[in-house]
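Top to bottom, those sequences are chains A and B.
Quick note: the first sequence, position 591, residue 591 per this note's numbering, numbers continuous.
Quick note: the second sequence, position 539, residue 539 per this note's numbering, numbers continuous.
Since the hints were derived computationally from the structure, they do not count as laboratory data.
All of these numbers come straight from a predicted model, not from anything done at the bench.
Beta carbons: idealized from backbone N, C-alpha and C, even for Gly.
Fair warning: there could be bad hints in the mix.
Unchecked claim - To list a few chain A residues with every Cβ distance to chain B over 12 Å, as calculated: (1) Gln345; (2) Glu362; (3) Thr476.
Stated by the list, open to error - Below, computed lysine to aspartate or glutamate pairings styled on EDC-like, alpha-carbon distance capped at 16 Å: (4) A:Lys206 <-> B:Glu104; (5) B:Lys287 <-> B:Glu9; (6) A:Lys55 <-> B:Glu203; (7) B:Lys92 <-> B:Glu130; (8) B:Lys491 <-> B:Glu608; (9) A:Lys543 <-> A:Glu554; (10) B:Lys339 <-> B:Glu365; (11) B:Lys299 <-> B:Glu9; (12) B:Lys85 <-> B:Asp114; (13) A:Lys85 <-> A:Asp75; (14) B:Lys287 <-> B:Glu396; (15) B:Lys206 <-> B:Glu196; (16) B:Lys492 <-> B:Glu336; (17) B:Lys321 <-> B:Glu227; (18) A:Lys55 <-> B:Asp591; (19) A:Lys339 <-> A:Glu405; (20) B:Lys299 <-> B:Glu250; (21) B:Lys412 <-> A:Glu336; (22) B:Lys55 <-> A:Asp591; (23) B:Lys206 <-> A:Asp100; (24) B:Lys599 <-> B:Glu502; (25) B:Lys205 <-> A:Glu104; (26) A:Lys546 <-> A:Asp520; (27) B:Lys513 <-> B:Asp524; (28) A:Lys460 <-> A:Glu608; (29) A:Lys205 <-> B:Glu104; (30) B:Lys460 <-> B:Glu490; (31) A:Lys646 <-> A:Asp625; (32) B:Lys205 <-> A:Asp100; (33) A:Lys321 <-> A:Asp625; (34) A:Lys412 <-> B:Glu336; (35) A:Lys543 <-> A:Glu475; (36) B:Lys206 <-> A:Glu104; (37) B:Lys55 <-> A:Asp625; (38) B:Lys287 <-> B:Glu353; (39) B:Lys19 <-> B:Asp30.
Number of protein chains: 2
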Amino acid sequence: MAKRKIYLENIPLSEALDKWWRRLKEAGLDKPLTGEKIVVDDSLGRVTAEAVSAKISSPFYHASAMDGYAVKFADTFGASETKPKRLKIGEKAIYMDTGDPMPEGFDAVIMIEDVNIIKGQGARGKGQDEFIEIIEPATPWQHVRTIGEDIVATELILPENHIIRPVDIGALLGGGITEIMVRRRPKVVIIPTGTEIVEPGTELKKGNIIEYNSRILSGLVSEWGGEPLRMLPVPDDYEKIKNATLQAIETGDIVVINAGASAGSEDFTASVIADIGEVFVHGINIKPGKPVILGIFDKKPIIGIPGYPVSAYLTFNIFIKPLIYKWLGRGIAPPERLKAKLSRQVASPLGQEEFLRVKLGEVGERLIATPISRGAGILMSLVRADGIVRISAQSEGLAAGSEVEVELLRQKADILNTIVCIGSHDNTLDLLANYLKKRYPMISLSSAHVGSMGGLMALKRGEAHLTGTHLLDEETGEYNIPFLRRLLTEKKIVLVNLIYREQGLLVPRGNPKGIKGFEDLKRDDVIFINRQAGSGTRLLTDKSLKELGIELREVKGYDHEEYTHMGVASAVLSGIADTGLAILSSAVALDLDFIPVAKERYDLAIPEEFYNSEMIRQLLDIIRDDEEFRSHVLALGGYDISDMGKVIYKG
Amino acid sequence: MAKRKIYLENIPLSEALDKWWRRLKEAGLDKPLTGEKIVVDDSLGRVTAEAVSAKISSPFYHASAMDGYAVKFADTFGASETKPKRLKIGEKAIYMDTGDPMPEGFDAVIMIEDVNIIKGQGARGKGQDEFIEIIEPATPWQHVRTIGEDIVATELILPENHIIRPVDIGALLGGGITEIMVRRRPKVVIIPTGTEIVEPGTELKKGNIIEYNSRILSGLVSEWGGEPLRMLPVPDDYEKIKNATLQAIETGDIVVINAGASAGSEDFTASVIADIGEVFVHGINIKPGKPVILGIFDKKPIIGIPGYPVSAYLTFNIFIKPLIYKWLGRGIAPPERLKAKLSRQVASPLGQEEFLRVKLGEVGERLIATPISRGAGILMSLVRADGIVRISAQSEGLAAGSEVEVELLRQKADILNTIVCIGSHDNTLDLLANYLKKRYPMISLSSAHVGSMGGLMALKRGEAHLTGTHLLDEETGEYNIPFLRRLLTEKKIVLVNLIYREQGLLVPRGNPKGIKGFEDLKRDDVIFINRQAGSGTRLLTDKSLKELGIELREVKGYDHEEYTHMGVASAVLSGIADTGLAILSSAVALDLDFIPVAKERYDLAIPEEFYNSEMIRQLLDIIRDDEEFRSHVLALGGYDISDMGKVIYKG
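Pulled out of the complex, with its shape left as it was, chain A reads as follows (with noise of 0.2 Å):
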């Protein structure tokens, strides 16, 4: 094992930015970068280096606004309806189209639908035009689209700093601008280290990381307008890592190092910036993002950037967006922020500054906010999020029903159209959610699996415009309706059915235990993983053990909660458990066997008040009516759709 120094600093992120922009200062980095000549054709999104003024004017020359006669002015006094004037066409009267140049000395044009053309006698003897004739006096300069009258050559077409638009385009060129200086682009080198780093589409071994990090952070310079360089991973070797470095310093403006940023044995980034240049932060007390490096070395920012995917992009945000930003002499808009209620209690650590992913939802008039998988490695709480909410170091957490602010991730507009599902998971809403988002694109689903009774809560607290569940009354062996009854008395409920589905007993391919039902749970050789408390499943589990007198302490893995099928179904394919319960569909699409335990009905509970909406007519309409929705139900094995969209129940 190679030697090891645990020396992580951990100190508070208002602290390391400040040392980030003093140190930048000191070295002269805080300041826009200089810029660099482009033809204006190429300039789309760039920032303008400098102010840039028109060489010559819009229009620069007079010119006809009109279809019609160009005449002099003084030509036309006096003419009037009673005594009518003519101009020879050809000498008092030019005939102009729209832009044509005023001949000089004209100073007016007269309209074609003003005229009245007079025909003389032709050579050939046919008429041809001759005079125009008018009945009213023209006004200097009418219908004359002046010298500059767009653009004065030397006016300010755009300042420095501006972000050029299409339209900003059109102005350069029309004032005569054809080369800009624009803002350098920032490059920016990403250099992924680690010997069990592969590059995507590689041939995967176990140990294997498939190298996307530099990816992300790729996407996100080009966005914030820089131009992102990626080297090839490179392996967990002190010397080759150093040697990528300064070959980064080489040419880019900023090498970013991901990851080897925290204190283990393979991590060597924090000693290599250390030797080329200086390591002026190493540990800041944030979750996630914690082993962040910030050194510096020749001019140039150097930033070790933590492996887990929703550290290195959080840190990446909060370290290289604002310098990105400063140096295009781009101002940076505070992210839009919405005020939230909290949908469930979050603790948080103590002494730390956490950025908690949340999902967002309009229902009814509030902005209710739901928090999402919070590990480090969760990338798809990232793709999932509609914003972040940070918690302060000095909070130990925030209360359910507590007002928070969030930072969007998402534009307002598409928030605001999210179906919010709070309750028990079904694999098809994933695919209603899909199909949704394919007839209807501006509308989303969001679900949250809590479990059906959770999702009542959800229904019951205003949370939610609608929740799936499968909870079975044990005394009367109906689905759902006793339920409403008695938990939600003060709302009007729609229950419509979704599916009836078949839960079972997932086991791997060819039930190596050869498990039978749930009599085998009480076998010490049988590791069971369960659903949370709340779930039907979960009630499904307790009444079937009951039935068979077994009880819960007995079965192993009972603790071992997961909050969707296809959790479950993961967990018995990967061997952390040998069965659990869940629907056939799990069971399919990760290739498992399955023993049918129960037929049971699954519907969405819609409160009255969210039945008629727009959203929720779109939604309805794709379960009754989408042939392709329906049979692709089907195609997921094990539904019966027989009752799909029928209303079950009003009260």
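Based on these hints, arrange chain B on the given structure of chain A.
Just chain B, lined up with the frame of chain A:
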């Protein structure tokens, strides 16, 4: 002259849109385009053409989530502080770096910080790590990233119609996806037409028009996610336009002909489209934008777009943007809208829908919308605009002070960070606007030129943060202060000097008409260009004429008004007038001769409520302390900056 038919229709916009979408629907063109397969690395900003599910789980093996030792949790039973347990390294405890795959049969990781390393007797007599000692049992799968923790194979990563972001690329690659079906980029072929049209950079001759519309339209297509293809300009020749159109249809999904959409003698666009395919709309009752042609051939829309740049921009946005979005499967978010108070009255033709460009600024708590130039040829009105107010066809205009809804063209944050300056024009203000943007990229200075008096009235109505003013009181000979005392009694105003400047009569280089002073304005061969009533320069003109006993009706051109010094200079340069009163810097800018008339004080009047705001403070910092700005002002010519930034008066 060629044959002409005036056959423009004049249908309402809503009817044109109905026809457009009905016709597209009939041709099956109202659906997303088919997909094309591209590599994920190149997919940033593209739109998914189908739902994407993970091929593999991420991680695809159980991996250590920490630096530490892999153990079997069963081996750790019973460990406690009083009874620590030892596990032999290499047998019962395997060292792991974060991300290393768990050895077969191992099911927990103990963090390096939580173990005590026990050294045994090494072969070479040196102490080597032999055991780990632990004081707490492990729980199953602790500190292990189990298979699928982030992404479970078959799980939906992205729905259809999703715009791919950097994090999405990471998730796709992590889920084993390296190629993806995205919507094909719609190809939009743009044909500039017109014999007079020349490419930018060409040596210009009178009558030439620089081709920039196709660049504006191309930029828009790129921003919307399409692929623009620009053809070289085609002369006004029926056959050549027809051939170009047929060639464009070969490659494009949409063909745009610009312009020739009107009904002039050289407007062939409509007949070409009608000849090749079908024209179903020609002429829409909007301002600007009337001569639009909507046509179709062989399931490809062909659209004739007006030649004036503002008309081209607006109609392209109205018809082409939603189509490209539809083809990409993107939802089109409604433009952000804000309510604002209109700062002055606007008359608008009854029966025609008008798109009025406005500047916006937040003054105090109110958003003020100020209309800007309305000509279809004034591209700078789009460059400067913050938003567009639609004036319905049923309206004859809008009253000053009425509430209007503004569709934003810029980010709301940018608009709110705008200093609104309404009043007299001085070239120094343009320079100040640029330095403000240079020093503080987030802040803008917007100036509207309505003259000193108009500016003070805007301050009075609470519609501006500051006013540039140079009003000479005839009785006292004092500048500005008597007017503040008279007009702004209810407001506390801080008056800050900007510059002293020279006013004089501008004449063409060499003074061909031998003008010596105001006395020459009586001459029959001298045409004057005036400034608008309420401007300080107009007051100075009137005072000078009065002193010389010249009557206003004796001055030819007295009624022809310009709104800025540069407007006057441009009129003199281009021969519209022989002379006009303006500041020295405008003569310098356009290389005109200058006959001095008076030196005057030009101040900024700032209500006290804004004087201490952050934005105004930053503006004053530049005026007072920015040496680069101050020397730049001097370089403009004719300015005395000895009192620049000094408070002249408070009250």
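Okay, the hints, checked on the actual structure:
With a minimum CB-CB distance of about 23 Å to chain B, Gln345 (chain A) clears the 12 Å threshold, and the non-interface call stands. The claim that Glu362 (chain A) is not at the interface with chain B holds, since no C-beta of that chain comes within 12 Å of its own (minimum 15 Å). The Cβ of Thr476 (chain A) sits about 35 Å from the closest Cβ of chain B, beyond the 12 Å cut-off, so the non-interface label holds. Between Lys206 (chain A) and Glu104 (chain B) the alpha-carbon distance is near 11 Å, which keeps this suggested pair within the 16 Å criterion.
A C-alpha spacing of about 14 Å is found between Lys287 (chain B) and Glu9 (chain B), which places the hinted pair at or below 16 Å, so the restraint holds. Simply put, Lys55 (chain A) and Glu203 (chain B) have alpha-carbon atoms about 13 Å apart, close enough for the 16 Å limit, and the pair holds. Taken as a hint, the Lys92 (chain B) and Glu130 (chain B) pair is honoured in the structure, with Cα atoms around 11 Å apart against an allowance of 16 Å. For the hint pairing Lys491 (chain B) with Glu608 (chain B), the CA-to-CA distance comes to about 8 Å; that is within 16 Å, so the pair holds.
At roughly 15 Å between alpha-carbon atoms, Lys543 (chain A) and Glu554 (chain A) fall within 16 Å of each other, so this suggested pair holds. At roughly 12 Å between alpha-carbon atoms, Lys339 (chain B) and Glu365 (chain B) fall within 16 Å of each other, so this suggested pair holds. For the suggested pair Lys299 (chain B) and Glu9 (chain B), the alpha carbons sit about 24 Å apart, so the restraint of at most 16 Å is broken. For the hint linking Lys85 (chain B) to Asp114 (chain B), the alpha-carbon distance of about 12 Å falls within 16 Å, and the restraint holds.
Taken as a hint, the Lys85 (chain A) and Asp75 (chain A) pair is honoured in the structure, with Cα atoms around 9 Å apart against an allowance of 16 Å. As the CA atoms of Lys287 (chain B) and Glu396 (chain B) are separated by approximately 13 Å, the hinted pair is consistent with the 16 Å bound. Of the pairs offered as hints, the one joining Lys206 (chain B) and Glu196 (chain B) holds, with about 9 Å between alpha carbons and a cut-off of 16 Å not exceeded. Straight-line distance between C-alpha atoms of Lys492 (chain B) and Glu336 (chain B) comes to about 35 Å, which puts the hinted pair past the 16 Å bound.
Straight-line distance between C-alpha atoms of Lys321 (chain B) and Glu227 (chain B) comes to about 13 Å, which keeps the hinted pair within the 16 Å bound. The hinted pair formed by Lys55 (chain A) and Asp591 (chain B) meets the criterion: a straight-line CA distance of about 13 Å does not exceed 16 Å. Annotation: proposed proximity of Lys339 (chain A) to Glu405 (chain A) holds, straight-line Cα distance about 5 Å (limit 16 Å). At roughly 12 Å between alpha-carbon atoms, Lys299 (chain B) and Glu250 (chain B) fall within 16 Å of each other, so this suggested pair holds.
For the proposed pair Lys412 (chain B) and Glu336 (chain A), the alpha carbon gap of about 10 Å is at most 16 Å, so the pair holds. For the hint linking Lys55 (chain B) to Asp591 (chain A), the alpha-carbon distance of about 13 Å falls within 16 Å, and the restraint holds. For a cut-off of 16 Å, the pair hint linking Lys206 (chain B) to Asp100 (chain A) stands: about 9 Å separates their Cα positions. Of the supplied pair hints, the one linking Lys599 (chain B) and Glu502 (chain B) holds, its CA atoms being roughly 4 Å apart against a limit of 16 Å.
Among the hinted pairs, Lys205 (chain B) with Glu104 (chain A) is consistent with the structure: their alpha-carbon atoms are about 14 Å apart, no more than 16 Å. Restraint check for Lys546 (chain A) and Asp520 (chain A): the C-alpha separation of about 14 Å stays at or below 16 Å, so the hint holds. Straight-line distance between C-alpha atoms of Lys513 (chain B) and Asp524 (chain B) comes to about 11 Å, which keeps the hinted pair within the 16 Å bound. In summary, the hint linking Lys460 (chain A) to Glu608 (chain A) is supported, as the alpha carbons are separated by about 12 Å, within the 16 Å threshold.
With a CA separation close to 14 Å, the supplied pair Lys205 (chain A) and Glu104 (chain B) stays within the 16 Å bound. With a C-alpha separation of about 8 Å, the suggested pair Lys460 (chain B) and Glu490 (chain B) falls inside the 16 Å cut-off, and the hint holds. Our distance criterion of 16 Å between C-alpha atoms is met by Lys646 (chain A) and Asp625 (chain A), whose separation comes to about 11 Å. For the suggested pair Lys205 (chain B) and Asp100 (chain A), the alpha carbons sit about 12 Å apart, so the restraint of at most 16 Å is met.
For the hint linking Lys321 (chain A) to Asp625 (chain A), the alpha-carbon distance of about 46 Å lies beyond 16 Å, and the restraint is violated. Restraint check for Lys412 (chain A) and Glu336 (chain B): the C-alpha separation of about 10 Å stays at or below 16 Å, so the hint holds. Distance check on the hinted pair: Lys543 (chain A) and Glu475 (chain A) sit about 11 Å apart at the alpha-carbon level, within 16 Å; holds. With a C-alpha separation of about 11 Å, the suggested pairing of Lys206 (chain B) with Glu104 (chain A) holds against the 16 Å cut-off.
At most 16 Å may separate the alpha-carbon atoms for a hinted pair to count; Lys55 (chain B) and Asp625 (chain A) exceed this at roughly 30 Å. Using a Cα cut-off of 16 Å, the hinted pair Lys287 (chain B) and Glu353 (chain B) holds, with the two alpha carbons roughly 6 Å apart. As the CA atoms of Lys19 (chain B) and Asp30 (chain B) are separated by approximately 13 Å, the hinted pair is consistent with the 16 Å bound.
When each numbered hint is compared with the structure, violations occur for hints 11, 16, 33, 37.
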